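Number of protein chains: 4
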Amino acid sequence: MASRTTRKSKRDALTPEQRAEVDDARAETQQTRRATVPALEELLYEPLPVLDHGFVRVVDYMGDDAAIVQAARVSYGRGTKTTRTDAGLINYLMRNQHTSPFEMCEIKLHVKLPIFVARQWVRHRTASLNEYSARYSVLDTEFYVPAPEQLAVQAAGNRQGRGETLSGRDAERVLALLRTDAEVAFEHYHQLLGDEPPAEGSEDAEPGLARELARINLPLSTYTQWYWKTNLHNLFHFLWLRGDEHSQWEIREYAKVVLGVVEAWVPLAHHAFMSYRVGGAHLSAEGLAVAKRLIAGEQIDPATLEMSPREWRELKATLGID
Amino acid sequence: MASRTTRKSKRDALTPEQRAEVDDARAETQQTRRATVPALEELLYEPLPVLDHGFVRVVDYMGDDAAIVQAARVSYGRGTKTTRTDAGLINYLMRNQHTSPFEMCEIKLHVKLPIFVARQWVRHRTASLNEYSARYSVLDTEFYVPAPEQLAVQAAGNRQGRGETLSGRDAERVLALLRTDAEVAFEHYHQLLGDEPPAEGSEDAEPGLARELARINLPLSTYTQWYWKTNLHNLFHFLWLRGDEHSQWEIREYAKVVLGVVEAWVPLAHHAFMSYRVGGAHLSAEGLAVAKRLIAGEQIDPATLEMSPREWRELKATLGID
Amino acid sequence: MASRTTRKSKRDALTPEQRAEVDDARAETQQTRRATVPALEELLYEPLPVLDHGFVRVVDYMGDDAAIVQAARVSYGRGTKTTRTDAGLINYLMRNQHTSPFEMCEIKLHVKLPIFVARQWVRHRTASLNEYSARYSVLDTEFYVPAPEQLAVQAAGNRQGRGETLSGRDAERVLALLRTDAEVAFEHYHQLLGDEPPAEGSEDAEPGLARELARINLPLSTYTQWYWKTNLHNLFHFLWLRGDEHSQWEIREYAKVVLGVVEAWVPLAHHAFMSYRVGGAHLSAEGLAVAKRLIAGEQIDPATLEMSPREWRELKATLGID
Amino acid sequence: MASRTTRKSKRDALTPEQRAEVDDARAETQQTRRATVPALEELLYEPLPVLDHGFVRVVDYMGDDAAIVQAARVSYGRGTKTTRTDAGLINYLMRNQHTSPFEMCEIKLHVKLPIFVARQWVRHRTASLNEYSARYSVLDTEFYVPAPEQLAVQAAGNRQGRGETLSGRDAERVLALLRTDAEVAFEHYHQLLGDEPPAEGSEDAEPGLARELARINLPLSTYTQWYWKTNLHNLFHFLWLRGDEHSQWEIREYAKVVLGVVEAWVPLAHHAFMSYRVGGAHLSAEGLAVAKRLIAGEQIDPATLEMSPREWRELKATLGID
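Residue numbers (our numbering), protein chains in the order written: chain W, 1 to 322; chain A, 1001 to 1322; chain D, 2001 to 2322; chain X, 3001 to 3322.
Chain W with its partners taken away, still in its complex shape (with noise of 0.2 Å):
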């Protein structure tokens, strides 16, 4: 059963037969005449630790920096001239939306992740998706809870995010919540299953529910895995929506390890991600207007603008006045 305790190493969330399974993999080199990337080879297979049990795994990958030059040239061989030129191209693909040469590269990730958190992800549509079966295998015992630097209040101003950390006290009190139900879940989700001995006095052994049934008692907390593959467009649409700080903090996290595992693979389109998508600032034609007026020495009465109150708000943000 070990599969359902946590004899894991610390170095990573693998029982020691995956951890062999995954050494394997890593040990075989093959010749290919494919657009290699030795940063992301380096990384290939190996969990990089997300949360308090999850992962990403980078599992294959296809195309390189080189590869989005190629597609936007039709080019017949590797169609890349010099890195400054070659990066000047992506740049410009980026900044004017030619979105389609980011397609011809893709990429599939082994992810470990809570539910709630997959059921964000999901909702990526324009990607593939393997997920481990809890109607056909029985889930390992593996739940996410909070760190306490984590637990916050409901945010005031904001209808979907945290506020203020919770006092210590408070956060040992929701804490203890959070564990003690998951642990009673998989405590009972595995006396559904029958694989568990009865409970104390009772007689027999509990009769084995199909496993699609037993698991709709565990926690959208419970930790279930994937292999999901995708384009290099779409990953910086997922990158740019999920590494937002409007996202919940636990996505964020997993966008936060997949953004550094874009930098090692495609380093100038990460770069012009960066640059273009999430450094900018996309201003509304009034808030452009603004923006002309305010370089050109006027001063702005908010009563004069159509626009509300928290867009006026965030508009000085982006264009840091007050």
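FYI, nobody ran anything at the bench for these hints, they're computed from the structure. Just to be clear, a hint being listed does not mean it is correct.
[To be verified] Which stretches of chain A does chain W cover? Using the computed rule of at least three CB atoms under 8 Å from a CB of chain W, they are: (1) 1046-1052; (2) 1126-1135; (3) 1141-1153; (4) 1178-1191; (5) 1219-1225; (6) 1270-1277.
No experiment lies behind these values; they were computed from the predicted model shown. Glycine included, every Cβ here is placed at the ideal spot set by N, Cα and C.
Mind docking chains A, D and X on chain W? Use the hints.
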């Protein structure tokens, strides 16, 4: 706190406020030049019950049987001829997998469903989706508890199915576990949110944990709801996969209700779907060769075939032989 | 042979038979409980002319501004409040790229367009399409000839644009070439199909070459037509890309007409789109930093920036400086 | 002007410069930890000829047969067992339409193809595409002329197929028309672009019409080229539809070559595809009932069936009866 208690009429899964909203929407009519289906208008907005607290509501639709014909003909007017001719064309399209005209009809549903069903449903990617957000709002205290006759042991011959139904006593024990755990989870959910009186012996109110964290403790049986919009081609694919006996019983219950909606909406396309997709069978190259030999009066010795024992069993069932 | 000659009224690009079909469709009305938009009903089925022989016809639609709000709220009834509140929510959704509620509106268009435009259009993949088949039917003798004022030389500074308009005499020569070649191609098309009298001096009728082969000789300016159905989110993306000045003028003419349809259909969403997508601007990280420094009254020396000369020119244009 | 003339080796459709680029790309190899398929490495970058000037080149790939198994098992290592077990699982997945593991393999092709073929190809939407831009660059003078044995009259019984092959004399006349018209169109294309000497008797050079306009005069037989990337599941769907005899012969020629690539790449999946999709047959509910009755030794009177005469003919062909 109407939303948290279950003061709902037997008639459907709605609160009085929701019922009034639905009735108001049903009371209004407008004139339209668009293709209109009286039988579907009759169902519009009305929740069709599924499982213990779920429903399917048709919120909007585009097109009818004639719209399939019209698109296949790229016609200027209605594009239909006699019902017989239209039916013939629709059958032809279905039989020959000319699927694009079926994409020309669209339907929008409001569905209330347990999260474990939602997780299966959402694997159908070619659809639009807006789900009720448990980051933004508090979830109703509603969770799925199977009816006793649905409690079955793990199937022996099939790793992802159900076998025998549990005996009354075992079923009771299972139901008690499922119900109690879910109730406790919801009680704790409200404690975490800080909208419950403090537990006995505790002197202070619980902190208002962020909604996005409090909900991770809820079970997969919790009901969620969403607006889901898809086209008829993708809906048929959904119905074919999720109406199949290899699907989990709970999602099949939804598929059954949606199939009834389709029959009211596009009776000719529904008939073609039942005749050419659902009721038929796909034979492999070898299976077809066997069928031909059987028709020619030959005896088949399965030992001479390349198919697996399971495949042979399935083929015999399909062809009605033994 | 009505279809091959151009006995069409000035009023629109329809033959009398097609006009009668459209009029019949427009004459019929039904009662519906669905969301209905009178301004769009007014346009329904009527061809809106584009270019010399093309059109856009709205064939069906689903939803209205309120349907966006309704889906965002996952509501039981209409889900709308005051127009002001609804507009605020729609603006918020557009500003923050919460795109899924816009997917809840759907539109179906019948479009007649030159093949080279169709080839650009079809790159928008998230849509349903039924095209008139030149394998199955004979194409009308209709091809696009640009108006003289649209004939321009290759742009000097922009590899994929147009520069100066041709002089009258050059324009005439170009038009003569385009028109004559297309006419000859269509004449030969009909000869190949065997539906023309044999050429003078030839004794026998031409063979009836298969339609799927005869059409390969036709020019890219030939008109085709299709039913095209997409949701409002994807339509906005189409309008944003194809309405942009980097797009070819001919497809922008279609985008312009479709934008007018959208304004009639969902005026609040249209307004949000114009304010937050079309009229605004996206600044890169460095561009934003420049804007902040300009607002703070600094002088910028472009030589100290990392941006390319082209990017600097574009930024100056965006911010209205020189 | 190497690109416009046809100084190409018999060996393939490449210019010497393109050949050198391909040879360079083939000469480089790297070490990789990724799944690698020697038989496909052998083909990599090499143009596989199709029609008179077209080709298919494999530019990159991700995954192999084992990757399908690995994803289906969501495994930590290679995930494969014996070849026999893997083949069994792949057959099972194909037979039961568990299509998602096949999405875990990806392939990128560079294809050169006539525009009328490209228009059929692009209807497969779940793929990434970068096409050579005739707005941005000048097209090579390459157009498709069918081989004489491909020239056939319109089919009598099938509105979108070919019938008898033309006689030699008729074929010659057709070919002359097709070839002359295309040649004239290309000559005029270059005149419009201003890169041809003025026509005799004309005193001035032609104006350099914008490339995006000059190309609208070219025929649908003109060759274009693109990078196209898709996953194995969607590729099978493409091959199933475009390899079918109802498809136009020219695109079937491409499908045939791509099918050969798939066989080299994923031999087990290819075998499953041929056994369970291509070689088999789908019977309707009524067709299956007929098959059962025939197996039981009954005689069938078609007049008592609900199927159309055409369907009955097709069923007899499928079941090998008369």
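Verification of the hints:
{"no.": "1", "hint": "1046-1052", "in the structure": "violated (count 0)"}
{"no.": "2", "hint": "1126-1135", "in the structure": "holds (count 4)"}
{"no.": "3", "hint": "1141-1153", "in the structure": "holds (count 6)"}
{"no.": "4", "hint": "1178-1191", "in the structure": "holds (count 7)"}
{"no.": "5", "hint": "1219-1225", "in the structure": "holds (count 4)"}
{"no.": "6", "hint": "1270-1277", "in the structure": "violated (count 0)"}
In terms of the numbered hints stated before, the structure departs from hints 1 and 6, listed from lowest to highest.
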